[in-house]
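Enquirer: Input sequences plus hints: build the corresponding full structure.
2 protein chains.
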Amino acid sequence: MSEPDVLDEVTPELVRRVEAALADDQAEDVRSLLAGLSATGQAEILEQVAEPERDKLVAILKKDLDPETLIELDEEILEDVLDQLDSKDIAAAARELETDDAAAIIEELPEQERQEVLAELPAAERAEIESALAYPEGTAGRLMQRSLVKIPDGWTVGEVIDHCREATDLPDDVYDIFVVDPEGRLRGSVPLGRMLRTKRPVPIADIVDPDIPSVPASADQVEVAHLFRDKNLVSCPVVDVRGRLEGVIMVDDVVDVIDEEAEEDILRMGGVGIDDMHAPPVRTARLRAVWLTVNLATAILASLVIGQFEGAIEKIVALAVLMPIVASMGGNAGTQTVTVAVRALATGQLTAANALRFIAKEAAVGGLNGMIFALLMGAAVVGWYGDWRLGAVIAAAMICNLIAAALAGTLIPLSLQKFGVDPAVSSTVFLTTVTDVIGFLAFLGLATVFLL
Amino acid sequence: MSEPDVLDEVTPELVRRVEAALADDQAEDVRSLLAGLSATGQAEILEQVAEPERDKLVAILKKDLDPETLIELDEEILEDVLDQLDSKDIAAAARELETDDAAAIIEELPEQERQEVLAELPAAERAEIESALAYPEGTAGRLMQRSLVKIPDGWTVGEVIDHCREATDLPDDVYDIFVVDPEGRLRGSVPLGRMLRTKRPVPIADIVDPDIPSVPASADQVEVAHLFRDKNLVSCPVVDVRGRLEGVIMVDDVVDVIDEEAEEDILRMGGVGIDDMHAPPVRTARLRAVWLTVNLATAILASLVIGQFEGAIEKIVALAVLMPIVASMGGNAGTQTVTVAVRALATGQLTAANALRFIAKEAAVGGLNGMIFALLMGAAVVGWYGDWRLGAVIAAAMICNLIAAALAGTLIPLSLQKFGVDPAVSSTVFLTTVTDVIGFLAFLGLATVFLL
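Residue numbers (the UniProt record's numbering), protein chains in the order written: chain P, 1 to 452; chain Z, 1 to 452.
Calculated directly from the structure, the hints in this document are not laboratory data.
Please note: incorrect hints may appear among the correct ones.
Identical copies look the same in the list; a pair holds intra-copy or inter-copy alike.
[Stated by the list, open to error] Derived BS3-like pairs (lysine-lysine); straight-line CA-CA distance at most 25 Å:
id, residue 1, residue 2
1, 63, 231
2, 231, 62
3, 199, 150
4, 62, 88
5, 315, 88
6, 88, 63
Small disclaimer: the values here were computed from a predicted structure and weren't measured.
Expert: Below you can see the structure in the form of structure tokens.
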């Protein structure tokens, strides 16, 4: 994803001009620079403009701020922007948004301001947002919107079309019409295209698709995303425990979920949190320090292992020079295995059904590459130090460590998953502990036995 | 993404039962086990069943194989499955698929078989697939489908509806109708929902949305994905260099692109390729060996640095025990920075406009954590070895290396991006080279100056 984005409307040049105009307090210039931007463009500008200028920018935009901009903002920046808007502004923005988006924004507010904003809203919208907030974050109930076309199962195509022509509050992005029975239970759906192609007197029941997927309001958003992906859905109805139609989830909300999840996995594997980029330095440092402390503990563990062999190192200093190579190769080979395992677990390609085969393959790969790099490294050491026994020791240690890396790289994420811990978060730290300890132990241990 | 997927139809239990039925050659059992599965479900089974059984499974399914299954398969497995189907089977599958999907499958075939499959297709479909294959992989032209509703700009809503009722070959997933001028140039689009709400005599020109985004057929699929995400699109028209409407890209194809790109970034950062999981062991080992060789070179470089200080290590063996801690902490802190930088570059949050601010923040974070871990580690070493000068040396080295890690962690991906290299692929290896070299150099160098 590193290609320059020619379709992108926000260029570094534009950001610089906005910052310059803000620094000079040229409110009109700022407004005209931002005039043609989409909500995402506005959001990108807000994210890229630095702190004191950003506050000015929000003050200038205020009522011109596209409500959609708020939902595109990174959480850290959103809190910042909301701080500067009063309850009336926020309520006005919330009224223009879909229920799910409005709920996501109101949730960020402190309890008291949240009540103030809700009080500014008309009763119907307040009730909808409150019922969305009643579902936990990350569930289908939170993700869904409530405005949809719901049709009794006795109507004809003509009646449905007339109903749509009369209703004024229909969302513009309707793609499917949902059919319900008298109790409000979902009976199926009709794609708009199909309805358009059907003659008016045909009963809607004749063209309804009864076998459509639906999700319970309590379903996890990650599962909902899987479902959209697997069935190539554009929208999916959400039902309550009795099968009654509650709302509909649209694909664009799911795209955001897919993005977020992939982003989270990437960042977690690198030992950082999801809001790392926009947090102030002290907060970022504190969040990252947790991970570094864990790493320090494992590094100390590894150096305790080295400490056991001080005598050997004192006699053969070359051991100190060469030992990081064995540990580093193990760490890298293991990271390759862990990366594949974590992704395969996340995408459902690695399960109890094929875990044994996966472990066997990784062990084979580790053994193969272990032998290749054992030969390479052994030969290099013989050339370097002219000592074939030292070469043989490093070769043997390399094979040991690459096989250990393969086993640890598969067994660690599988075990973490089994115990309900996200393997993306902690696999690598356990892995490098294993590859450092085994790497130093094998190399220095074999050296002690065969070289002293 | 590690929660168990309750909506998932393919359980390890099901895979095991399929494998057992295949081992006993119970073709009927296999068919009934797979009967209710979606295309994605079939694909998952094919991916999880091991090699000799998989061939049997393909032989049993053959004509029952849902063509959609083919497009869900991992590339390695797809090649395997295609090997066992003859040209007629593949042509039959291609006819049922959208042009873009059919092209993606036919592209996997060796040249001769590709010609055979194309020869089996009716002329019109062959021409469509050939013209899709004329666009390079990863472009909008390849991603688009050609079947769409194209309407002259002089029609009324009634005429459009009648046209849709008469046309039998309309795709079921039509969400927008595209309006073109007499030269075939795109004039705008009308969402189906809006058309349904409009009275028959209204001219289509009155309700057309002229300001819709469109992409050139040569646009990169990653940019297309950005556009869908930024504008929350469900479909997007594709035009040729003269602005003539060529086809339409649907959101479900874009979801696949987003998935693939995120997947690629994750795997690349871990030093593995996109088809690593399903490749046979020898091929996986060979692909990974490339990355391990690069790592070996950097590890040797680091050990050459250590080699310069053999004299110091001989006198103070504690240096050998402690030096991996300094290097490891630098590597981990740097990985945190690199991860954030690579993601921020990929998502367009880090640009020339805010690069300096980003670097300054990372340096501050590095300095802060450097001081914290310098204190911790310094105190630990004083306690461990009772030598406050050794403690001071490791503390100073720790601060140096964490600041170096922050600078390298930002400058390396920024420079790679500038020179057109994907920062996800190679940032970490350059980074660990820097943190190993600086880590050993600072610690052993300071020790030589102050302790000997």
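Enquirer: Are the hints correct? Go through all of them and say.
Expert: Against the structure, the hints:
1. 63 with 231: between (41 Å within a copy, 21 Å between copies)
2. 231 with 62: Cα proximity of residue 231 and residue 62: across copies only (22 Å, versus 41 Å in one copy).
3. 199 with 150: Both, since 20 Å and 21 Å are each at most 25 Å.
4. 62 with 88: Result: close within a single copy only, 11 Å intra versus 63 Å inter.
5. 315 with 88: For residue 315 and residue 88, neither the intra-copy (76 Å) nor the inter-copy (72 Å) Cα distance is at most 25 Å.
6. 88 with 63: within (10 Å within a copy, 62 Å between copies)
In the structure shown, a violation is registered for the earlier hint numbered 5 alone.
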